[in-house]
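Enquirer: Sequence:
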Amino acid sequence: MINFDEEVAKFVPSLEVEQAEDVINNNDLSDITDIIKTMMKDLKDK
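To convert a position in the sequence shown, counted from 1, into the working numbering, add 261.
Hints listed in this document are in silico derivations from the structure and should not be mistaken for laboratory results. C-beta atoms are modelled at their ideal positions from N, C-alpha and C, and glycine is treated no differently. Certain hints may be false.
[Unchecked claim] Label-pair distances were calculated between CB atoms; the ranges are: (1) D303 with D266: 54 to 62 Å; (2) M262 with D295: 46 to 54 Å; (3) A270 with L304: 56 to 64 Å.
My request is simple: use the sequences and hints to build the entire structure.
Expert: Structural data, given as structure tokens:
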């Protein structure tokens with residue numbers, strides 16, 4: 262039978278997941294709201 266606590270204690274997340282998490286959290290990505298705000302500002306300035 263599998264000892265759940267023992268398996269959880271041995272768990273090590275893969276480096277790829279950690280690297281992807283860092284990239285996602287550290288990027289300042291524009292969402293649709295940011296894009297619309299920029300477009301509205303540009304139109305207003307004209």
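Enquirer: Confirm or reject each hint.
Expert: Results of checking the hints against the structure:
Between D303 and D266 the C-beta distance comes to about 57 Å, which sits within the given range of 54 to 62 Å. For the hinted restraint 46 to 54 Å between M262 and D295, the CB-CB distance of approximately 52 Å keeps it satisfied. A C-beta distance of roughly 57 Å is found between A270 and L304, which places it inside the suggested range of 56 to 64 Å.
Going down the numbered hints, you'll see the structure goes against none, and every one checks out.
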